[in-house]
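J.: Sequential numbering from -2 applies to the sequence shown in the numbering used here.
Since the hints were derived computationally from the structure, they do not count as laboratory data.
If you're wondering where the values come from, they're calculated on a predicted model, not measured in any experiment.
Do not rely on the hints blindly, as some may be mistaken.
Claimed, not checked - Pairwise CB distance ranges, derived in the manner of DEER restraints: (1) 108 to 52: 41 to 47 Å; (2) 317 to 92: 37 to 43 Å; (3) 65 to 574: 22 to 28 Å; (4) 458 to 564: 28 to 34 Å; (5) 62 to 561: 16 to 22 Å; (6) 458 to 289: 29 to 35 Å; (7) 574 to 337: 26 to 32 Å; (8) 222 to 104: 56 to 62 Å; (9) 92 to 289: 27 to 33 Å; (10) 192 to 105: 45 to 51 Å.
Glycine included, each C-beta is placed from N, C-alpha and C at the ideal position.
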Amino acid sequence: MALDGVFLRHIRFELEQRLTDSKVDKIYQPTRDQLILSMRSREGVFSLLLSARANSPRIHLTTVKPENPKVPPMLCMLLRKRLTGARLRAVRQPGLERLLMLDFEAKNELGDTVLLSLAVEIMGQYSNIIFIDENGIIIDAVRRVDASMSSQRLVLPGMPYEQPPGQAKLSMLDYDADAILHAVEALPGSKPLSKALLSVIQGVSPIICRELEYLAGRGQDVFSDQLNEEQRSRLLYFLKRDIQLVRDVSGEPFCIIDQNKKPIDFTYEYIQQYGSGRSVRETDSFSGLLDAYYAKKDNAETMRMKSDDLTRLLSNAATRLMKKMYVQSDELKSCADREIFRVRGDLIQANLYRIPKGAAECTVENFYDEQMAPVTIPLDPALSPTANAQRYYKSYRKAKTAEQVLKVQIEKAEKELEYVSSVLDAVSRAGSSAELSEIRQELTEQGYIRSKGKKQKSDKPLPPRQYLSESGFTILVGRNNKQNDRLTLRDADKNDLWFHAKDMPGSHTVILTQGRQPDEATMLMAASLAAYHSKGGTSGKVPVDFTKIRYVSKPQGAKPGMVIYTNQQTMFVAPKDYS
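Construct all of the structure, not just a fragment, from the sequences and the given hints.
T.: This is the structure in structure tokens:
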């Protein structure tokens, strides 16, 4: 769901309780549209996340520590200069709008005390974080909006800050249940009650409106122009309950979990509309709920943005290779008829005495055919019969050579495509900038990325992912091709067990046996990890080959991560992450 105005009101109340009068200690900008303020108070140090990301705009306390760029962006340096050491004096919200104003008491260059503000606007793709001075003038923003982007509201340094235009809806802070019901019944036409409520009430999301309809109609569909007395009475009751909850800021953070234990929604009141198809879990705080709800989603989005250039590069390389293989396969098919050229040359050579000079064709008996059937051979009238025979022999030799070269080229392209696919798979599973950096280094070494002048000092190689089975066996999983090579060919013992998803890109997975025989549960865990960290990670069942390290080798000249193995057995397992 989108973070609505009522939920934001609860966040505001939570921030006021924990952060009022706290001091800005440090400021980070991990991505273009996210800021983290480290706030120091008597209770300790808190991290305040401000996000203007289109699919997850929000503000809340966080315990997640994202990777920060080596060089801070310009906006981050500006905020550090103006806000470091400032104290948070107020957190404001106009009505139930999706907007929080953070007011800081800071010192300017002259040492005077000034009030600076951060406006956190939570409006989907139009979300923004705007830095405002004591006179209400915009200093800068995460997203600058000029006249070419909007004719309604400009967000540029030096311009007066204007709040986003409000919606013509009724706020539960100002209107009672009777006024809201009257507005619903006054709507033209017939609408589902949930949609009617959504169009009338300010600051509530669709899930709350659906819940009100569910409660008013006892689980049955209700329409705005067909409310009976019981439904009106029940709707008024639950509207009054919600209005009191909003005014008192007495909601509780609830997360809706699907049957796969995946969070799919969140809200500030207990939800009944899903019945037994979903479970509702209460959390400790509103910030904690949002932190957990968006953690994986945010990391995946951040990695997608950081790896976008690599994904594009590798996808283009894969497309180019497939086109090349398609053309070469067509050429190879045409070489299949090369024997015809040799036969024609032989037949002409054997019948030179019968073929007049300047003939356009000749018909001779085919002594390669058991029936000696006559065959007509096209000739070049400008050439002698002997020259025509040599022309056919030359075409035969050319086709034969082309076939040999094409087979080598196609095999080479197939191996390169397999390598590109393996790197693309590693990019899709990268969980940090360090992993992406290793992949970039690998692609630079392989010539896919042009080296930028002076060779930079390489970072320390990342360790493989490490897991521990219940019986005490260590399982290591490679993060990329270079790490797969190190793990399999250098670090592992010859008697350790090696796992890999069958016939698809994936990580090398190794059980460190230390001379012991792994139990069945450990084998299953390693196979499931190999399946999870492969291209088949989202499939139901994945075939996984396993063998001893002694039977795994690397062909001479093979690309990173490419190995061959023998004496393998195969398990069919469900992919599973044991993190």
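J.: Look at the Cβ atoms of residue 108 and residue 52 and judge whether their distance stays inside 41 to 47 Å.
T.: 42 Å, holds
J.: Regarding residue 458 and residue 289, is the given constraint of 29 to 35 Å on their beta-carbon distance met?
T.: 31 Å, holds
J.: State, for the Cβ atoms of residue 62 and residue 561, whether the hinted interval 16 to 22 Å holds or is violated.
T.: Roughly 41 Å apart at Cβ, these two residues miss the hinted range, so it is violated.
J.: Honestly, do residue 222 and residue 104 meet the 56 to 62 Å range at C-beta?
T.: 60 Å, holds
J.: Measuring from beta carbon to beta carbon, are residue 65 and residue 574 in 22 to 28 Å?
T.: Given a distance of about 26 Å, which is inside 22 to 28 Å, the answer is holds.
J.: Honestly, do residue 458 and residue 564 meet the 28 to 34 Å range at C-beta?
T.: 29 Å, holds
J.: Does the hinted range 27 to 33 Å hold for residue 92 and residue 289 at CB?
T.: Once the Cβ atoms are compared, 28 Å apart, the range 27 to 33 Å for residue 289 and residue 92 holds.
J.: For the range 26 to 32 Å, tell me whether the beta carbons of residue 574 and residue 337 fit it or not.
T.: For residue 337 against residue 574, whose Cβ atoms are near 58 Å apart, the range 26 to 32 Å is violated.
J.: Could you see if the CB distance from residue 317 to residue 92 stays within 37 to 43 Å?
T.: Between residue 317 and residue 92, where Cβ atoms are some 56 Å apart, the hint is violated.
J.: Does the Cβ-Cβ separation between residue 192 and residue 105 fall within 45 to 51 Å?
T.: 50 Å, holds
The structure shown violates the earlier hints numbered 2, 5 and 7.
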